[in-house]
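Visitor: Please put together the full structure from these sequences, using the hints given.
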Amino acid sequence: MTIRNTLRDHGQRYRPRMACLKKAEKVLLEMQDPKTGVKSQPQRLVITTIPHAITGEDILSWLADRFQVDTQEARNVGSMLVALGYIYPLQDHKRLVIKPDASLYRFQTPYFWPTQQWPVEDTDYAIYLAKRNIRKKGILELHEQEQYNRLHKWMNHKWDFIVMQAKEQYRAAKERKKPDRVVFDCQERAYWVVHRPPPGTVSAMDYGLERRIEPNADETKTPDFYERIMIFTQQSIMRPRVKSSVSIGALVKYCATYSNHDPFLSKCLPSNPWLTDDITYWNLNMTNVEIPTKMRVERWTFSFGELLSDPRGRDDFRLFLKKEFSGENLAFWEVCEDLKWGAAETMREKAEQIYKTFLARGAPRWINIDGKTMEITVNGLKHPHRYVLDAAQTHIYMLMKKDSYGRYLKSPVFKDTVKKAACPEEQKFTDTQLEQNAKNRRPSLSPIVLRQQEQEQRAKMAANAPVDITQLCRFTTPVPHLAVYSGFTDSPPGHTSPSLPFLANTTACPSPISVALDSTSASERRVEASEGEEAENPEARAPISRNVSKSRMPLSLRRLLKRGCTPATMFASLSPKYHSAAGTSTRIKPICPDQPSQAPPRRIGNFFQIKVDIPPECRIYPIESEDEDEENRASSRGGVGAKEIICPWESLTPQNEIGQ
Amino acid sequence: MPFVNNKVGDDCTVATDKALAEGEALVKSLVKVVACYRHLASCVGGCTDSLQLRDELRQTREKAQKLAVSIRHHLTSHLRDKSLPVDQRREMELLWVAFSSSLELLHVDMCKVFSMGDIFSLANGVTLVQNGFQGGGSEVAARALSVPDLNQDQTPTLEAGLEIQERSTMEQEISHIDHMIDDMEMKVNVLRWMVEPHGPQYADPLSSTDSSSLALLSVDEEQPGHQPPSKRNQIVVLLLLFAVILLATTLSVCIFFFS
Numbered sequence: 001m002t003i004r005n006t007l008r009d010h011g012q013r014y015r016p017r018m019a020c021l022k023k024a025e026k027v028l029l030e031m032q033d034p035k036t037g038v039k040s041q042p043q044r045l046v047i048t049t050i051p052h053a054i055t056g057e058d059i060l061s062w063l064a065d066r067f068q069v070d071t072q073e074a075r076n077v078g079s080m081l082v083a084l085g086y087i088y089p090l091q092d093h094k095r096l097v098i099k100p101d102a103s104l105y106r107f108q109t110p111y112f113w114p115t116q117q118w119p120v121e122d123t124d125y126a127i128y129l130a131k132r133n134i135r136k137k138g139i140l141e142l143h144e145q146e147q148y149n150r151l152h153k154w155m156n157h158k159w160d161f162i163v164m165q166a167k168e169q170y171r172a173a174k175e176r177k178k179p180d181r182v183v184f185d186c187q188e189r190a191y192w193v194v195h196r197p198p199p200g201t202v203s204a205m206d207y208g209l210e211r212r213i214e215p216n217a218d219e220t221k222t223p224d225f226y227e228r229i230m231i232f233t234q235q236s237i238m239r240p241r242v243k244s245s246v247s248i249g250a251l252v253k254y255c256a257t258y259s260n261h262d263p264f265l266s267k268c269l270p271s272n273p274w275l276t277d278d279i280t281y282w283n284l285n286m287t288n289v290e291i292p293t294k295m296r297v298e299r300w301t302f303s304f305g306e307l308l309s310d311p312r313g314r315d316d317f318r319l320f321l322k323k324e325f326s327g328e329n330l331a332f333w334e335v336c337e338d339l340k341w342g343a344a345e346t347m348r349e350k351a352e353q354i355y356k357t358f359l360a361r362g363a364p365r366w367i368n369i370d371g372k373t374m375e376i377t378v379n380g381l382k383h384p385h386r387y388v389l390d391a392a393q394t395h396i397y398m399l400m401k402k403d404s405y406g407r408y409l410k411s412p413v414f415k416d417t418v419k420k421a422a423c424p425e426e427q428k429f430t431d432t433q434l435e436q437n438a439k440n441r442r443p444s445l446s447p448i449v450l451r452q453q454e455q456e457q458r459a460k461m462a463a464n465a466p467v468d469i470t471q472l473c474r475f476t477t478p479v480p481h482l483a484v485y486s487g488f489t490d491s492p493p494g495h496t497s498p499s500l501p502f503l504a505n506t507t508a509c510p511s512p513i514s515v516a517l518d519s520t521s522a523s524e525r526r527v528e529a530s531e532g533e534e535a536e537n538p539e540a541r542a543p544i545s546r547n548v549s550k551s552r553m554p555l556s557l558r559r560l561l562k563r564g565c566t567p568a569t570m571f572a573s574l575s576p577k578y579h580s581a582a583g584t585s586t587r588i589k590p591i592c593p594d595q596p597s598q599a600p601p602r603r604i605g606n607f608f609q610i611k612v613d614i615p616p617e618c619r620i621y622p623i624e625s626e627d628e629d630e631e632n633r634a635s636s637r638g639g640v641g642a643k644e645i646i647c648p649w650e651s652l653t654p655q656n657e658i659g660q
Numbered sequence: 001m002p003f004v005n006n007k008v009g010d011d012c013t014v015a016t017d018k019a020l021a022e023g024e025a026l027v028k029s030l031v032k033v034v035a036c037y038r039h040l041a042s043c044v045g046g047c048t049d050s051l052q053l054r055d056e057l058r059q060t061r062e063k064a065q066k067l068a069v070s071i072r073h074h075l076t077s078h079l080r081d082k083s084l085p086v087d088q089r090r091e092m093e094l095l096w097v098a099f100s101s102s103l104e105l106l107h108v109d110m111c112k113v114f115s116m117g118d119i120f121s122l123a124n125g126v127t128l129v130q131n132g133f134q135g136g137g138s139e140v141a142a143r144a145l146s147v148p149d150l151n152q153d154q155t156p157t158l159e160a161g162l163e164i165q166e167r168s169t170m171e172q173e174i175s176h177i178d179h180m181i182d183d184m185e186m187k188v189n190v191l192r193w194m195v196e197p198h199g200p201q202y203a204d205p206l207s208s209t210d211s212s213s214l215a216l217l218s219v220d221e222e223q224p225g226h227q228p229p230s231k232r233n234q235i236v237v238l239l240l241l242f243a244v245i246l247l248a249t250t251l252s253v254c255i256f257f258f259s
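Protein chains in written order, with the numbering used here: chain A, 1 to 660; chain B, 1 to 259.
Treat the hints loosely; a few may be bogus.
As the list claims (entries may be wrong) - Here are the simulated distance ranges between beta carbons:
| no. | chain 1 | residue 1 | chain 2 | residue 2 | range |
| --- | --- | --- | --- | --- | --- |
| 1 | B | F114 | A | E214 | 18 to 24 Å |
| 2 | A | G342 | B | H176 | 54 to 60 Å |
| 3 | B | H176 | A | F429 | 57 to 63 Å |
As the list claims (entries may be wrong) - Under the rule of at most 30 Å between Cα atoms (straight-line distance), these lysine-lysine pairs were calculated in the DSBU-like manner:
| no. | chain 1 | residue 1 | chain 2 | residue 2 |
| --- | --- | --- | --- | --- |
| 4 | A | K22 | A | K94 |
| 5 | A | K428 | A | K439 |
| 6 | B | K63 | A | K167 |
| 7 | A | K415 | A | K460 |
| 8 | B | K28 | A | K177 |
| 9 | A | K177 | B | K66 |
Claimed, not checked - Which chain A residues face chain B? A few, computed with CB under 10 Å, are given here:
| no. | residue |
| --- | --- |
| 10 | P34 |
| 11 | P51 |
| 12 | F112 |
| 13 | N149 |
| 14 | M164 |
| 15 | A172 |
| 16 | R176 |
| 17 | V182 |
Think of the hints as simulated: they come from the structure by calculation, not from any bench. Just so it is clear, CB atoms sit at the ideal spot from N, CA and C, and this is done for glycine as well.
Guide: Structure, rendered in structure tokens:
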């Protein structure tokens with residue numbers, strides 16, 4: 001096996017063409033003209049003089065003259081030439097900008113001109129660094145040192161060659177005259193500043209990803225080629241067409257609405273971080289900021305989509321909905337988004353949980369969608385995939401948009417937010433301050449840290465999920481793992497908090513609340529006892545492993561069939577009506593006579609309470625325990641928590657039985 | 001080379017030792033020529049570009065190719081020899097890696113010179129870039145060709161036809177090198193990444209450090225408060241101080257003796 005040498009890739013990887021390079025070369029050649037070009041002067045150094053130095057102001061005046069533009073534009077063009085590497089500064093060689101004063105520049109020799117034909121090789125860079133190190137030890141800067149070490153690690157096999165070549169180049173350079181040697185060193189250094197920029201700067205030759213096909217190459221006319229053309233034209237014909245007056249009107253409206261918010265077209269308050277290196281703007285517009293800016297709040301009024309896509313707006317909207325007690329719509333929408341964009345392995349559990357929480361009849365957070373959509377969704381849930389809840393999600397979205405959104409914009413919550421919104425002052429920086437800012441650039445938080453923070457927040461939100469206070473016992477604690485959006489709760493019940501820490505340090509990944517009301521869990525867990533270590537610690541048994549949960553389904557099904565228990569009763573028992581009737585319903589037997597204060601862990605109201613651990617003495621769910629408790633079970637068959645919500649696609653009893 | 005205590009293999013190890021030394025010398029000279037070629041290439045298109053430079057480039061190129069062909073024969077014949085002892089094979093592989101890397105560098109440089117020749121065609125009188133060079137690359141070329149002085153007698157004539165011809169030869173040479181690299185990859189199975197180099201990570205500085213050009217470079221820098229400590233300056237100052245002290249002591253001694 002031989003390695004294909006990428007150095008001679010003969011253009012197998014096509015770089016997105018930078019058309020500016022050819023144009024810049026033309027301009028540069030014009031600048032060389034002795035009569036009409038830029039005036040050059042010799043640069044005087046300690047021992048010698050080197051010709052062909054040009055001042056920044058000369059360059060700028062020539063550019064302004066040649067292109068008939070104003071000085072600011074000439075400055076931009078000049079900066080571009082310097083950034084690309086066609087002209088390099090003699091003083092302050094690391095900052096590739098053109099200064100409109102007497103600072104000196106020089107033209108780069110064509111060998112070191114930027115080009116796309118031959119990629120810049122790490123081997124050359126290694127040779128350059130080695131050469132500098134040979135000349136004087138310890139002259140490499142920190143980032144160059146790091147690069148050197150990295151190259152040494154990756155090109156270890158070539159290292160002898162690299163050192164040999166570096167030494168030879170150094171010796172060959174010594175053959176030249178002193179001023180030429182200095183010039184060559186400057187040129188090489190400038191070349192590498194462009195192509196291996198120091199940290200905190202960007203290379204102008206960074207052209208992005210490389211293509212796999214040559215865009216200029218003629219494509220062979222195979223049947224596939226014509227097939228593609230046919231498909232394309234067919235789809236173009238089928239595309240829905242809109243009158244140009246309508247589409248142009250929409251464009252005009254969009255531009256008019258958003259023009260004040262566009263950082264290119266209007267000022268960015270307080271200042272654009274990309275221009276001034278001051279990150280106040282980003283700090284003020286962070287995701288979880290307390291006080292949003294006025295511009296941000298204004299954006300929320302543009303459309304419902306804007307409100308939802310901004311996390312802070314979504315938070316505000318959620319607050320409003322909570323006050324209106326219609327938070328389940330937003331929760332459902334969020335949960336659908338999570339399903340759509342989430343990981344594939346948890347999709348099934350998530351779909352089940354969503355069904356149980358939002359869609360099932362008598363679900364704790366039942367959303368109001370019309371019958372047809374419900375039918376489609378439930379049918380789809382038999383074979384859940386990512387987009388199975390799309391119809392329901394759209395319905396809820398339109399509902400929120402048409403109904404709640406309007407009320408939100410008139411609500412006191414929103415008015416309060418608008419009043420408190422901050423309007424920052426525009427910052428004006430002097431040139432020295434700008435340079436100071438550029439020096440103080442710091443990298444932002446790493447995405448890993450951000451993701452962790454996000455997860456913690458989500459866990460916190462899930463932990464604060466609305467808990468049905470009437471149904472509390474110390475076991476009805478939420479488990480933060482696999483937190484599905486739950487929305488806010490008014491206040492977490494105090495006595496659930498002690499249980500939280502137990503759950504926090506469980507290692508097993510619990511399944512989602514697939515059997516939220518699964519009281520089978522307790523005894524089942526005891527019975528199945530897959531986690532040995534959890535057996536000792538009853539609280540820690542709260543989360544169960546996924547295999548246990550998976551096997552629970554058929555197990556409970558079997559039990560159900562054995563007991564002849566209909567899903568109907570289960571669903572009924574889980575309907576919200578029960579909350580009011582807690583403890584007083586005839587269906588519910590006083591299950592734990594010795595613990596009257598603790599209501600049976602009815603996780604009806606607990607959205608994410610995955611595992612509620614039931615102490616052995618609280619045999620609430622006799623159905624699940626084994627045959628020795630046949631009689632008990634028979635008596636408390638109607639027991640609430642005993643039944644799990646079985647998803648319709650799981651049970652053999654079809655849905656027509658649900659229908660009390 | 002480790003001492004091989006093997007009476008039977010003595011002759012062939014000696015032979016391969018010699019071959020190894022020969023190979024090393026050849027590769028070293030190739031590396032030297034490639035380095036010089038790069039220096040010459042940096043002058044192309046600049047104000048010191050001339051037919052002479054192009055001629056020097058051509059000569060250096062030819063020398064490099066001659067060396068390359070001979071090294072190739074040498075190394076391929078030895079590396080395909082299965083009976084080579086392991087350590088010698090390792091050395092050969094090192095040489096092979098150096099050879100292929102320098103060929104690649106040469107190839108890239110040749111391509112660059114070729115395309116620059118397109119833009120800066122001397123026959124057409126295109127304006128040359130004022131890149132600050134004052135001298136041509138004659139000394140470098142002399143080093144590359146290992147002659148003390150280049151023969152400047154015959155200056156090549158400026159002819160359009162000659163240039164085209166030269167370009168076509170160059171194209172051929174480039175493709176030749178291309179094929180050579182391809183062949184090498186095919187014929188000799190050397191796992192490049194398995195080769196372990198001898199040298200340390202940080203090469204020792206060469207004996208005569210060029211502090212003066214360093215000083216020149218650092219003078220370019222706009223660092224107002226920073227005085228780059230130049231060795232020369234320090235030595236001069238020390239000498240002066242020493243001389244002053246010496247003078248003072250001699251004067252005092254004289255005064256002491258004569259008073």
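Visitor: Hint by hint, note whether the structure agrees.
Guide: Checked hints:
For the pair F114/B and E214/A, the beta carbons lie near 20 Å from each other, so the given range of 18 to 24 Å is met. The hinted range of 54 to 60 Å is satisfied by G342/A and H176/B, whose Cβ atoms lie roughly 58 Å apart. The hint said 57 to 63 Å for the Cβ distance between H176/B and F429/A, and at roughly 58 Å that hint holds. For a cut-off of 30 Å, the pair hint linking K22/A to K94/A stands: about 24 Å separates their Cα positions.
Simply put, K428/A and K439/A have alpha-carbon atoms about 17 Å apart, close enough for the 30 Å limit, and the pair holds. As the CA atoms of K63/B and K167/A are separated by approximately 20 Å, the hinted pair is consistent with the 30 Å bound. Annotation: proposed proximity of K415/A to K460/A holds, straight-line Cα distance about 27 Å (limit 30 Å). Taking the CA atoms of K28/B and K177/A, the gap is near 24 Å; set against the 30 Å cutoff, the hint holds.
As the CA atoms of K177/A and K66/B are separated by approximately 29 Å, the hinted pair is consistent with the 30 Å bound. Below 10 Å, beta-carbon pairs count as interface contacts, and P34/A has one with chain B at about 8 Å; its hint therefore holds. Given hint, P51/A at the interface with chain B, holds; its Cβ is 6 Å from that chain's nearest Cβ, closer than 10 Å. Hint status for F112/A relative to chain B: holds, with the closest Cβ pair at about 7 Å, below 10 Å.
The beta carbon of N149/A is positioned within 10 Å of a beta carbon in chain B (closest approach about 8 Å), and the interface hint is therefore held. Because the beta carbon of M164/A sits about 5 Å from the nearest beta carbon in chain B, less than 10 Å, this interface hint is met. For A172/A, the interface hint holds, since its Cβ comes within 10 Å of a Cβ in chain B; the closest pair sits about 5 Å apart. The interface hint given for R176/A holds, since its Cβ lies 6 Å from the closest Cβ of chain B, which is under the 10 Å cut-off.
For the restraint placing V182/A at the interface with chain B, the shortest Cβ-Cβ distance is roughly 5 Å, inside the 10 Å limit, so the hint holds.
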